[in-house]
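Given the structure of chain A, go ahead and fit chain B onto it with the hints provided.
There are 2 protein chains.
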Amino acid sequence: MKITVLGTGGGARAHIARLAGLGHEVHVGTRDPKVTLARTGPDPMGTPPFKDFLAQHPGIQLHTFGEAAAASDGLVINGIDGHNAVAALSAIADPLAGKTLADYAVPYIYNPDIERPWPTPWGVNPILDPCDSDSLGEQIQRALPHTKVVKAFVTQEQETVTDPKSIGGEHTMFIAGDDDAAKQQVTDLLKTYGWDDVLDLGPLVAARGMEMYAHMHLAIGLALGFGTRFGIKVVR
Amino acid sequence: MKITVLGTGGGARAHIARLAGLGHEVHVGTRDPKVTLARTGPDPMGTPPFKDFLAQHPGIQLHTFGEAAAASDGLVINGIDGHNAVAALSAIADPLAGKTLADYAVPYIYNPDIERPWPTPWGVNPILDPCDSDSLGEQIQRALPHTKVVKAFVTQEQETVTDPKSIGGEHTMFIAGDDDAAKQQVTDLLKTYGWDDVLDLGPLVAARGMEMYAHMHLAIGLALGFGTRFGIKVVR
Numbered sequence: 554m555k556i557t558v559l560g561t562g563g564g565a566r567a568h569i570a571r572l573a574g575l576g577h578e579v580h581v582g583t584r585d586p587k588v589t590l591a592r593t594g595p596d597p598m599g600t601p602p603f604k605d606f607l608a609q610h611p612g613i614q615l616h617t618f619g620e621a622a623a624a625s626d627g628l629v630i631n632g633i634d635g636h637n638a639v640a641a642l643s644a645i646a647d648p649l650a651g652k653t654l655a656d657y658a659v660p661y662i663y664n665p666d667i668e669r670p671w672p673t674p675w676g677v678n679p680i681l682d683p684c685d686s687d688s689l690g691e692q693i694q695r696a697l698p699h700t701k702v703v704k705a706f707v708t709q710e711q712e713t714v715t716d717p718k719s720i721g722g723e724h725t726m727f728i729a730g731d732d733d734a735a736k737q738q739v740t741d742l743l744k745t746y747g748w749d750d751v752l753d754l755g756p757l758v759a760a761r762g763m764e765m766y767a768h769m770h771l772a773i774g775l776a777l778g779f780g781t782r783f784g785i786k787v788v789r
Numbered sequence: 554m555k556i557t558v559l560g561t562g563g564g565a566r567a568h569i570a571r572l573a574g575l576g577h578e579v580h581v582g583t584r585d586p587k588v589t590l591a592r593t594g595p596d597p598m599g600t601p602p603f604k605d606f607l608a609q610h611p612g613i614q615l616h617t618f619g620e621a622a623a624a625s626d627g628l629v630i631n632g633i634d635g636h637n638a639v640a641a642l643s644a645i646a647d648p649l650a651g652k653t654l655a656d657y658a659v660p661y662i663y664n665p666d667i668e669r670p671w672p673t674p675w676g677v678n679p680i681l682d683p684c685d686s687d688s689l690g691e692q693i694q695r696a697l698p699h700t701k702v703v704k705a706f707v708t709q710e711q712e713t714v715t716d717p718k719s720i721g722g723e724h725t726m727f728i729a730g731d732d733d734a735a736k737q738q739v740t741d742l743l744k745t746y747g748w749d750d751v752l753d754l755g756p757l758v759a760a761r762g763m764e765m766y767a768h769m770h771l772a773i774g775l776a777l778g779f780g781t782r783f784g785i786k787v788v789r
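Chains A and B, in that order, give the protein sequences.
The working numbering puts the first residue of the first sequence at 554, with every later residue one more than the last.
The working numbering puts the first residue of the second sequence at 554, with every later residue one more than the last.
With the rest of the complex left out, here is chain A (with noise of 0.2 Å):
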């Protein structure tokens, strides 16, 4: 399939090095390819350069946005982040009208002026915006209204929601979209990924909990010790 990926930080990359292994015809979406290109250190996040990450996955083709969201034949991950998310696939409606878009951006606010206590090395809470009564998802939903969102992958690292038996043992993958068959399209994407435990949370206002669940997600990843890989099962 020709699948496309908007962003190319860790966990867009993550997804584009397994789909190009799973041998799909990758396209890539940044704001400003040159820019992109043009980056010879790492981003503020470590990441190294993406020229680098090009260099070592071949036949990946790199667009603006638009261009990479037209490439798609149907399905389009968005690994932009949350705060720049709605504004950056808005002015991408077009090309993404009657495609699905597959969702793991988390709202977070990092703002440096609010000092609160926090269990992280980085010593400031990020807040997420929206929270609670709205999500990312149902934003993102609201302003490309012929694009089906499905709001999936938000509650693992995208390194092990590439590759889900990276860690000791089953654990689950949680959707939720308001298209039964877009959301089929991304559960089977899951299963060639090597998920076997997919729930459907429902429609898409359940991406307010999964939204809402960053915050465990970090705090048990700071208990675990960080970087260390895990996810959760559900246990019935």
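Possibly wrong hints are sitting among the right ones.
With the Cβ distance kept under 7 Å, some of the chain A side facing chain B (calculated, not the full set) [said to hold, decoys possible]:
hint : residue
1    : Met-769
2    : Ala-776
3    : Gly-784
4    : Lys-786
If you're looking for bench data, these hints aren't it; they were derived computationally from the structure.
Ideal Cβ positions, reconstructed from N, Cα and C, are used throughout, including at glycine.
Showing chain B alone in chain A's frame:
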């Protein structure tokens, strides 16, 4: 041990019955024992009258909140609903001083005037207050500076908390708090309930994530079918 449970709802009853079964002297607190004992019909959650429960569990002592808190020799479980917890607990700060308070309340606000889509049979989305930048656990700790608050039991139904082996496989209990000895006290109790995997998420600020998991817990419960018992296991 002399252990106190504040509250007489379904969750509190699960602890009361389990603690009595383990041989503890159980003291139960309610706002007004006479009113509690006078009830003859089910409460708004469909729970039968407490009088009937007491008849089935002889030896349990019902008091006012303050008397019950005073009767504990060190451990108190808060089963007062989230909306009323800070006010009710502040009023009994003296008898709670020096004790460990294991708190599982979720700060739900049920506002029937707020109509939202929500994947529940109730049609109304409970919202959380506080949320994201504060938690009920922290509010209680600030209101009761001489009490050691441990957030615990909040990510499962209390029937599952008190009988973790009732579902099909090992799952994880999360705790958070600022006092290590108090967390050990709660962990020791959990071991007697049957828990093998208790994960300390660190300081009480981690209660934010634990409380915010409520929406996902609800969505998972609805996806599995209302009434299905489940837990989550951190797979690592």
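Results of checking the hints against the structure:
no. : hint    : verdict
1   : Met-769 : holds (3 Å)
2   : Ala-776 : holds (5 Å)
3   : Gly-784 : holds (5 Å)
4   : Lys-786 : holds (4 Å)
Going down the numbered hints, you'll see the structure goes against none, and every one checks out.
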